Structures are given as C-alpha cells and as structure tokens.
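Undergrad: Fit chain B to the supplied structure of chain A, relying on the hints for placement.
Order-wise, the sequence lines are chains A and B. Our numbering numbers the first residue of the first sequence as 114 and each following residue consecutively. Our numbering numbers the first residue of the second sequence as 114 and each following residue consecutively.
In short, the hints are calculated from the structure, not lab data. If you're wondering where the values come from, they're calculated on a predicted model, not measured in any experiment. Since no wrong hints were added, every one of them can be taken at face value.
Copies of the same chain look alike in the list, so a pair counts if it fits in one copy or across any two.
Cut-off 30 Å, straight-line C-alpha distance, at most; resulting in silico cross-link-like pairs (DSS-like, lysine-lysine):
1) K309 to K383
2) K207 to K284
3) K177 to K228
4) K228 to K310
5) K131 to K284
2 protein chains.
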Amino acid sequence: MQITSSLDEIRSIVKAAKKNNLLIGFVPTMGALHEGHLSLIRQARTENDTVVVSIFINPIQFGKNEDFAQYPRMFDTDCELLSKEGVNVVFNPKASEMYPDGFCTTVVPEHLEDKLCGKSRPGHFRGVATVVLKLFNLIQPDSAYFGQKDFQQTVVISRMAADLNLDVNIKVLPTVRDKEELALSSRNAYLSETEKKDARCLYQALIKAKDMVNAGENNAGEIKLEMEKVINNCKSARIDYLSIVNPETLEAVTEVRNGNVVALAVMIGKTRLIDNIILMVLIVCLITLA
Amino acid sequence: MQITSSLDEIRSIVKAAKKNNLLIGFVPTMGALHEGHLSLIRQARTENDTVVVSIFINPIQFGKNEDFAQYPRMFDTDCELLSKEGVNVVFNPKASEMYPDGFCTTVVPEHLEDKLCGKSRPGHFRGVATVVLKLFNLIQPDSAYFGQKDFQQTVVISRMAADLNLDVNIKVLPTVRDKEELALSSRNAYLSETEKKDARCLYQALIKAKDMVNAGENNAGEIKLEMEKVINNCKSARIDYLSIVNPETLEAVTEVRNGNVVALAVMIGKTRLIDNIILMVLIVCLITLA
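Looking at chain A on its own, in the form it has when it is part of the complex (with noise of 0.2 Å):
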C-alpha cells in the first residue's frame, strides 16, 4: 500500500494507473474510519483495480465554533485498516498543500447548501464541494464512494458531478449500524456511555416515520409531529432539524411520495448527529378484472 502526501505524487500514480487501464476507485474520508467507511472500500474494491482512499480532515468544511480540533485523528491505525483492505494508496495532503496562500476559488452548491444541516452550518457544504472536487482533479477516480448517512453530501456532490460535467460515478451506499441501530459516525466517539443510548432515539424516530407511512400516513406535518415526541422523550436530546424532503431538490414536502428522504439532525448533549431514510411509499394498484 502506497501512502503519500504528495500531490505531484499522487497525480503520478494515478497516471501511471490511466495508462494502464486500470479502473481507480475513490473514497474520500476524514480519517478516524468505521465500518461505514470499510462497506465503501469494499464496494471499492469489487468494482475497480486500484483504490485509492484520501484521509484529509479539510478545514474549510468546518465552521468556527465547530469540532475541527477535536476531531479524532488516528491515521496510523487508519492505515492498519486499509492495508487489511487490499486498499492501494492512501493520500492524506496537507491543508497548507490543499489551500495554500491567495487560495480563493470555491464550489457553490447553490440551493442545496442553505437546507437541513446547511441551516446550522453555513458554509458547510461549499467546503465540501470544493475539496471533493480538488481530490477528484488529483485522483481522477471512475467511481467514488459515499454513504447514505451524510445524505444532503451525496445530494451535493451528485449535482455538482452532474452540473460540472465530471466524469466520474458517483455510488452512494447504505448507512451502516450498531446493533443499537445507531448510524456510525466518527463522531459517535465524543459520545459517553448513556449518551450513545440516548442516541438511538435518532433511528427511533425515523423507524416511527415509516411505520406511519407504512400503516398509510402521507402527511408530512402529522409524521414530524410523531417524530419530534419520540426525540423529544429523551432527555438529552435537542432537534436541530427534522424534515421530509424531495431527494433531488431538498426542498421540504406536505405530502410524503415515494422515495421522499426524513432527514434529521439532533444534538445529544454536545454531538451533533444526523440520520436519514428513505420513505417508501407503497403504491397500490387496483386491477378491475373486465
């Protein structure tokens, strides 16, 4: 497994892959990996020859008053990790590399950015976009990893793939759970003991959403209203947002369709989670026999 820094490095390695035919798999982290992370290098893996994985925790996703300090770093078992994986490169740049001085060009994902957590994260998802984009530049991939778990990111970056011309698939991969059903987080670190059980009310309350659904409910008012009572018999959680959105759009619904997303972000004392699921709405077709 190759580890560089680098990005002349990097661009060499993968045109010396280009040249060769190989299929580059990609899967952008922020280090501090679980099994959510691995399911996407798996997949990676399967699909491509080489995969290569990025470790950057990139400041510019982070607001001010936000974890960036904190967040875990563990690159040295990270690495363990890939290594067990059959992963190929790990490319962890460094943020002087990434932004260096008069650095001014930014991705704006105008109209998706000022929803769900881009409300209580301004600047977020810019952030994001601009340093996928940057990394997919550098690594060229044919595919990239994402999981559903960080809905409103797949939203962006599908779109900005889609707008920008990227030639590049985007796979987005199914939120992977404890066994408390609890999505993992890189976050869920900052949680203590008590604190992780209060977290499964996150699921709880969107499992209480497709059981609604499910028994016939499509108002979405009526379902949030549901929703906020199951998070809200935890003491210490607070709702950022809870919301039943058009997948493509991000704007808000009234009445639930298929494949309509719940979103929510709740804090459990300090950490901020978020969780989502897509509805499916079953759709009865009536048959009159002539």
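TA: Frame of chain A, contents of chain B only:
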C-alpha cells in the same frame, strides 16, 4: 473538421484522442471570431495534436441588462475560419444541455470577482469560471489558450486551475490590435465609424501610463489622473474604471512596481470596451566597482 453540439460526442472524441496519447489544445470562444481568437488557435495548433475550439455564448456570464441577445452570432463564417486554421473539432453545445433544469453548482472566484470589471458586471466572473470549468471537464485539454485583453478573466482562470488542482496549462497570449491600436473584440462590431476612432483613447491612455512609468513616475494616483485626462478628452467616452493592480490579487497599488497591470473599461457610446497593458518598471542597478 468535426462539428458537434453533443456533450456525449465531445467526450468520446476526446477519449479517443487521449487513448492515442494525442495532446489536446483548447480555445474557448463565444464565436464572432477575429484575429485575436485566431492568434490563440494558431498557437494551439503549433503546440498540440488535436485543437478543439468551443463556440458557446454562455448565458450565465451576462447580466440582465447586458448584450446577450445582441451578441454577434455568425456560426457558419466562424466555422469557415476555423477549418482554414486546421482546427480539428468545433464544439457548440446548447445552453439547455449545459444548464439543464436543476443546475445549481457555481464556481466562485472570491476576492477576484468583485474588482475591476466585476464591479460593474456582478456575477460575470463566476459565470465565466463555471463555464470554463465545465468545458475543461468535457474537453480535458492539456493546454487552454486565453487572450491578455481579457486580463481579469485570465487571472480568474489561472487561479481556478491552481485552486482546483486542474491538470491543464493555462496559456495567456498578447492582445491583438488593429492598425489603430484598438484591441480586437467581438464587441467592436457595435461601434460606429466615429466611435471606432474615439475608442482609440483606451490605448492612448495606456500608453500615457507606460510613458510616465518609463519617465520614472511610480505614483499610481498621478498616472491615473493623466490617463483620465486622455479619456475625458474624448466626448463619447465615459470611464467605468481605471486601475493599476497587482496581477495576482487584482488589488489596486499606490506605488507602481514591475509587472503591475494598468487596466481600464470605458463606455464608448453604448459599448463597453476594456483594455490593459503590463507595466515594465526599469530597474536600474548601480554597481559600485571596488
């Protein structure tokens, strides 16, 4: 010469060229070609195997009250010229395919977009940066060619290429002028004969700056005052801006240094013209012989 408006076709043309290790040179244009464009194309022709020229009047770089509707369109004449120059591919995409419904990802050249021309053309440079990035992604050029006449554009594009880790050489070629030293521009077609004569004041003002600098003047304010006099001598001229700037940051300077750019935009009647020159400040070395 292949002519295509299809995004899929340009991609497959480019992929075939790449597979054969052909160097691709790219000249983005809005058509209404003149000797300025042709100088770029000739340079691209000498340095590459395949030359691609785009003709696309990019709607998102025009303001609401600007000349998008009037901008000269002469596709057939343009193609005749391009064929004579040995261009391999003309790409003229449809606006509806470049900007389909839901398009929302923009490239924003922060700090660079609100200066010089950006002040009177809000949104112009993010429109330029966005379309150039899209075209780069479709055409994957090894080198792309731009004219010095559009100075701020060259700064925005060069910065974008560096900031977003694009693997393309940005080449900036000298401004081409007519016999009267008027910088060639497709917009010169809007000028009456009288206005065309008046338009010479732009270059005369630039030469005034050059002469003053050569005579030892380095106070930007003094130079600008004299330039204003030159322009204001011309009845149909109205200064939009006139500035001496650092060519990387576009910040106005007070003391002129080698490599600073003096740039201006002037309305001649209803037509907005721009021009600029790079100032060479002679550095006198005093060598004391011991």
